[in-house]
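From first to last, the protein sequence lines stand for chains L and B.
When we follow this note's numbering, the leftmost residue of the first sequence carries the number 99, and every step to the right adds one.
When we follow this note's numbering, the leftmost residue of the second sequence carries the number 99, and every step to the right adds one.
Read the hints as simulated data drawn from the structure, not as lab findings.
Wrong hints could be hidden among the right ones.
Repeated chains share a single entry, so a pair holds when one copy, or any two copies, can fit it.
Below 30 Å or equal to it, Euclidean Cα-Cα: the simulated DSS-like pairs (lysine-lysine) are [said to hold, decoys possible]:
hint, residue 1, residue 2
1, LYS153, LYS493
2, LYS493, LYS468
3, LYS139, LYS354
4, LYS126, LYS443
5, LYS153, LYS126
6, LYS232, LYS468
7, LYS443, LYS468
8, LYS456, LYS139
9, LYS394, LYS153
10, LYS342, LYS477
11, LYS342, LYS139
12, LYS100, LYS232
13, LYS394, LYS431
14, LYS225, LYS100
15, LYS126, LYS351
16, LYS354, LYS232
17, LYS351, LYS493
Now for the letters of each chain:
There are 2 protein chains.
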Amino acid sequence: MKHNHEIIEGGITAPAGFTAAGVHCGIKRRRNDIALICSDKIAACAGLFTTNQVKGEPLVLSIPRIRSGRLQAIVANSGNANVCTGTQGLKDAEEMGNLVAEGLELAPELVAVASTGIIGMPLPMDKVRIGIRKALPALSRNGGDAAAEAIMTTDTRIKKIAVNVSIGERSFRIGGIAKGSGMIHPNMATMFAFITTDAGLEAGLLQETLTAAVDLSFNMITVDGDTSTSDTVICMANGCSGVKVISGSEEYKAFKAALDRVCTYLATEIARDGEGASHLLEVQVTGAAVYGDARKIAFAVASSNLVKTAIFGRDPNWGRIICAVGYAGPAVKPERVCIDIGGIKLAEDGAYIDYDEKAVAGILSQEEIKLNIDLGMGKASATVWTCDLTYDYVKINARYHT
Amino acid sequence: MKHNHEIIEGGITAPAGFTAAGVHCGIKRRRNDIALICSDKIAACAGLFTTNQVKGEPLVLSIPRIRSGRLQAIVANSGNANVCTGTQGLKDAEEMGNLVAEGLELAPELVAVASTGIIGMPLPMDKVRIGIRKALPALSRNGGDAAAEAIMTTDTRIKKIAVNVSIGERSFRIGGIAKGSGMIHPNMATMFAFITTDAGLEAGLLQETLTAAVDLSFNMITVDGDTSTSDTVICMANGCSGVKVISGSEEYKAFKAALDRVCTYLATEIARDGEGASHLLEVQVTGAAVYGDARKIAFAVASSNLVKTAIFGRDPNWGRIICAVGYAGPAVKPERVCIDIGGIKLAEDGAYIDYDEKAVAGILSQEEIKLNIDLGMGKASATVWTCDLTYDYVKINARYHT
């Protein structure tokens, strides 16, 4: 059966049976800071979380709830991460969940809680309580953008996507929102991504599919090499489209392709909007002996401050690139390495070659830059997305005061 | 027998039987760019080199020569690293060594060659030849500072030290010069350190002692997380003081202590003069279960762009510090972690505590900042030095064009 997917409007509330809200309660000065996402009925759910040993209190609360495979609502705040806040922090996260559960008349176990922002400061619960009470009646089919704004920290714009997946006559939808934009490095970043779908999936299959999608998207971006304490990806599948997605079926192939698309789009949007970024840099490593080598080398290059400042300076400094290849870890043969940028070869067989400087300057002036490093060792490849390192990165992070 | 050491003038030529020169030949615009260091007689030698798989051609030539344990001269240039330059690059390195060997009437195998600067561009041998011819007659007992200048790249100042070691009535000396200041991350940095001593040591013992000293000094600094292709530490011991240093002896203890001092001083000077640096940050991790854990965590904190920009912004952002502790790798118990800066506690048992903001602001306004992270797990500790991440780092590296 033929299947395809197309981008549609509507973000996180595009799938049937989901509502959302975003309101301002004063944790941040101006922008929305409390987000609520709700399914009309209990949804299957899956999630992935930071690997940082220092975990936010909301994660301590929410991970077991999400692992149970059933969820109906997510409440998130930005401006304060509720990390390193001890037993009071855990109580605060619980209270956030309870307020939502009471308001929506749900069991508390069906509510996930997520917080992002500054680490080590007590959550201003007086504000949070007001915010949640304000958000509950604001839940609507049009609340997706307001929720997307409410999870932003240093992001400069909201990140959202929705796709409609058609299989013959039937269709279902996937929607998602995400936020960056500092402490971005797998696994995972400081990031949130909340994904909804009205397809019907069993929680185990949803987890397996989400894990695979995240491995090629949110786990393949780096902004600054810092893996945060609060990273959270949650996907809820409420089945409201009437389409059941079973392992191995045509529906599953369609769902998987569309979920990959949603995750990759949101992940690259996070990299593109990395703190202070002026370029999105795609680092593709090809010709590796095995995938793990390609991934390690792509991350070494994408994490290099020297490469990232060169991109900011619009300098095709392939010496810094091959230097990062050399220290990445996997065995390489430098004399086989070829490097090209936007399709123009900068170095061949590990040595400089003449290239058209004007054409390269043109490529480096574009917002999106594709770098290819071929190792000449095998057939494996990996792609990592990052952004350049700019004055504004330093400004944002030197000024973001505790 | 009582022994002690004191700082003296003279740098690399303070030890007896060493001369040096530094001249300008035009690889760089203005500053000296060819350095020569020479021993009056054949010296025992030891060396440590970059672990980057992409190695400069001068290293391909010099590593076997240094490993032979005998050396009499070092020729170095800055401005061009002679890396990724293929067979011509190796020929060029050989020619550099041969010109010095002919000029000093030495066997070519007694000359080490080192180059630092841009990667991937052919060495301008016309200039290098003129420079070496100019440097040979300039060799003198006063040439240490000129040589120290000639190895600088983005360094803002020369780095040198000399110590006089007394053991009863006898004495010997150790001198050293070094350069940074980008691509600084073990093992090793883009750095050079050339060390001379008029103590007499067998090459094997010298190598063992140098390796231990480097592990606690040059291998414990990071500027930008990039391990360069050209890092080189060479130590020559010519015995001209008449003091023989034998394993286990009092002389050996004195030599080891003084060499550690020389290496640690030069390493911290490199971190202090890191590209764009406005602060030297000492990251000490204590209370670790084993040394390897302490080292990994200290490096994670010292390598964090978020920590480094916070230090630039004079912000005691311990949340970023504990975040880096949590993703460093070794198992930690976040609820036991204590963090203090300049002796003032910022966080206790993994949670915020009240601290004197004014006193902390005073500490953060100093040029040298000491950070202590106690893990509460055991008794092992490690210290890493780094610098802050500033606008000038971005400026220097966005503007340093190929």
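Here is what the structure says about each hint:
Proximity of LYS153 and LYS493 under a CA criterion of 30 Å is satisfied intra-copy only: 27 Å inside one chain copy versus 35 Å between copies. In this homomeric assembly, LYS493 and LYS468 come within 30 Å of each other (Cα to Cα) both inside a single copy, at 26 Å, and across copies, at 23 Å. Proximity of LYS139 and LYS354 under a CA criterion of 30 Å is satisfied intra-copy only: 23 Å inside one chain copy versus 72 Å between copies. Taking the shortest alpha-carbon separations for LYS126 and LYS443, only the inter-copy value of 27 Å comes in at or below 30 Å, while the best intra-copy value is 47 Å.
Within a single copy, LYS153 and LYS126 get their C-alpha atoms as close as 22 Å, which meets the 30 Å cut-off; across copies the closest is 49 Å, which misses it. Proximity of LYS232 to LYS468 under the C-alpha cut-off of 30 Å is found in neither arrangement, the shortest distances being 44 Å within a copy and 46 Å between copies. For a Cα distance limit of 30 Å, the shortest separation of LYS443 from LYS468 inside one copy, 12 Å, qualifies, whereas the shortest one across copies, 46 Å, does not. Proximity of LYS456 to LYS139 under the C-alpha cut-off of 30 Å is found in neither arrangement, the shortest distances being 58 Å within a copy and 53 Å between copies.
Taking CA atoms no more than 30 Å apart as the test, LYS394 paired with LYS153 passes in both settings, with 25 Å inside one copy and 19 Å between copies. Proximity of LYS342 to LYS477 under the C-alpha cut-off of 30 Å is found in neither arrangement, the shortest distances being 36 Å within a copy and 57 Å between copies. In this assembly of identical chains, LYS342 and LYS139 lie within 30 Å of each other by CA distance solely inside one copy; the values are 16 Å within and 84 Å between copies. With identical chains, the CA atoms of LYS100 and LYS232 are never at most 30 Å apart, being 44 Å at best within one copy and 76 Å at best between copies.
Taking the shortest Cα distances, LYS394 and LYS431 sit within 30 Å of each other both inside one copy (15 Å) and across copies (28 Å). Proximity of LYS225 to LYS100 under the C-alpha cut-off of 30 Å is found in neither arrangement, the shortest distances being 50 Å within a copy and 67 Å between copies. Neither within a single protomer nor between protomers do LYS126 and LYS351 lie at most 30 Å apart by alpha-carbon distance, with minima of 41 Å and 59 Å respectively. Within a single copy, LYS354 and LYS232 get their C-alpha atoms no closer than 36 Å, and across copies no closer than 68 Å, so neither meets the 30 Å cut-off.
When the C-alpha separation of LYS351 and LYS493 is checked against a cutoff of 30 Å, the pair qualifies neither within a copy, at 44 Å, nor between copies, at 48 Å.
The structure does not agree with the numbered hints 6, 8, 10, 12, 14, 15, 16, 17 stated previously, though it agrees with the rest.
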